[in-house]
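Participant: Top to bottom, those sequences are chains F and R. Just so we're aligned, residue 11 is where the first sequence starts under my numbering, counting upward by one. Just so we're aligned, residue 12 is where the second sequence starts under my numbering, counting upward by one.
A few of these clues could be false.
Said to hold, decoys possible - Have a look at the derived ranges for each label pair, beta carbon to beta carbon:
(1) 143/F x 114/R: 46 to 56 Å
(2) 51/R x 112/F: 20 to 30 Å
(3) 113/F x 29/R: 22 to 32 Å
(4) 67/R x 242/F: 54 to 64 Å
(5) 331/R x 14/F: 53 to 63 Å
(6) 114/R x 17/F: 57 to 67 Å
Quick caveat, the hints were computed from the structure, so don't treat them as lab data. Idealized CB from N, CA, C, for every residue including glycine.
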Amino acid sequence: MTESNPIRSFLLGLLTWFIGLLFFFPVFWMVLNGFKEEADANTDPKLFFDPTLDRYRDIASGDQGLLSFGEAFTNSAWAVIVSTILVLILAVPAAYALSIRPVAKWRDVLFFFISTKFLPIVAAILPLWIIARELDILNTRLVLIVLYTAMNLPLAVWMLRSFFQEVPRELIEAAQLDGASLRGQITSVILPIAAPGLAATALLCVIFAWNEFFLAVQLNPVDGSTVPIWVTSNVSTRGNFLARLSAASTVATLPVLIAGWVAQKRMIRGLAMGAIK
Amino acid sequence: MAQVRYDEATRIYPGTDIAAVDRLDLDIADGEFLVVVGPSGSGKSTALRMLAGLEFIDNGSIHIGERDVTLVPPKERDIAMVFQNYALYPQMSVAANMGFALKQQGIPKEERQRRVAEAARILDLEPYLERKPKNLSGGQRQRVAMGRAIVREPQVFLMDEPLSNLDAKLRVQTRTQLADLQADLGVTTVYVTHDQVEAMTLGDRVAVLESGKLQQCASPREMYSRPANRFVAGFIGSPAMNLLEVDGGDGSGVALGSMTVPLDGEVGRSVGAHPSVTLGVRPEHLALVPSDGDRTLPGRVSVVEDLGSEAFVHIDVEHRGETTQIVVRGEGESDVRRDDNVAIGLGGPIHLFGPGGERLN
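Construct the entire structure; sequences and hints are all you get.
Facilitator: This is the structure we're talking about:
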């Protein structure tokens, strides 16, 4: 878009705002509902109401479900953080071997990684469940850590590979000539330059692992359950629950928002570091 | 410090049949400044990268000092390289950039700081040591890249077009400093450039590469006055040497248009052996003179490039029934104008090349 027709850009701006608000509105409504009485949340949509923190008190006390928020949050944090760290530890060398010094058949390897995503997870759940049972790791954090690592690894390898390819080749060669070992080249040259990409990759892994529901509900229905399962535990068979569920969903969203904010700062700082010339 | 030897060194890129560098033989003396020059794609950068250990050597060998480094990884070759785009680590300060190699060698911090400070002093970088590369000007970045090489006190400096990202004025200035610095340090230097002015002014010797093959390796003066073949003759010198196909004839002389250039006995015999040879004359060895029968060549001026101290006059002449252009160097502030009818006279040595481009005289 090089031409700047004022009417055209105004209309485009309008359209952008419209689409943006369209996406934002449900989230806004959810946050709003969390501050309502159940009765208000379930009647005709009301924009003006007396806000209350009672729903947040309800979900914090956790009287209704078996799973408390604290427990679910700790389980989620373990599964998310450990799996993301594992993913990065495994994906960095893999991405290096697929970009900077490509191994033989690197295209096939790359395709293999992504092909593991072709299988619908539903088709794999029964074998996974049986394996987990045989290993006696059902209802543990470990099973989720392993599966989330496996789930995010292909994506991380693909992403990091494309970020590594952006690292100017001369910098790596300069580091080689300067006597840096392979590890030195990766830690002191490649990773600092690819830091924004690393942050973006880590963020996506965190988001996907944090929001994962299917595996968690199938494999850890009793113990080791995560925040998404805790959110659904606020669905009640007796009485209204929309406001309470909204409050729970809002709480479940916050950590991802914070992670996004942290990663974004990191990404911008990386971009501002400047290219090589 | 050490001498460097390429011994039939060959590089064939995977997936190609043609050698990027073809059986390169070069001997570089200890402390010598060798400039490798050639057009793009001539293999000059590949040759340098082979010495750096960044390119695999498919055939032949490379020695640094007494050591065969053909299979030695880059970090163990004790060389420092200055890249065209400087390749400074963007996340590190100037001091950290310069000290990085020393840190990798495990040199203690005080020693590192001392050597970085010394290099910074030589290169006038002292005020910038704590800055990041993005906060430096092009010239300063270039100096940091130089500094990174100097602090290492390596056996050989490798430079891959280190001045090509500078503007014209800074390039000339830096060129002088570079020559001075190299002479002071006395470190063997291999310098790659496509700029023949850099080659002629910097090099103790110049190596001309074309299509991966070494064409000639000689001092700048010899390269200029006795080019080994037609390619070197056309490549070295600006404006380029006038190169014209002429009939070999009986060897007593060759005809340039209506002008006859007499030849000596031995040269004449080798010229006479070919039906057609190439005659080369540098612009400064021609002059605008009063017309004098078959000792001068008449022509019509098409362009005058007056540079003040000298002028290059492009003249259309009739040669072998076709109009060709010949460049003559004339005096500056010349009175010659476009469309003037002039006569060209020979005032210096000529160069003769056989059908394969080889030198005949």
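Participant: Now, for every hint given, state plainly whether the structure supports it.
Facilitator: So, going through the hints one by one against the coordinates:
In this structure, residue 143/F and residue 114/R meet the distance hint of 46 to 56 Å, their C-beta atoms being roughly 52 Å apart. For the pair residue 51/R and residue 112/F, the supplied restraint of 20 to 30 Å holds, since their beta-carbon distance comes to about 26 Å. Range check, residue 113/F to residue 29/R: about 26 Å between beta-carbon atoms, so the 22 to 32 Å window is met. Checked against the hint of 54 to 64 Å, the pair residue 67/R and residue 242/F passes, with Cβ atoms roughly 59 Å apart.
Between residue 331/R and residue 14/F the C-beta distance comes to about 59 Å, which sits within the given range of 53 to 63 Å. The beta-carbon spacing between residue 114/R and residue 17/F, approximately 59 Å, falls within the hinted interval of 57 to 67 Å.
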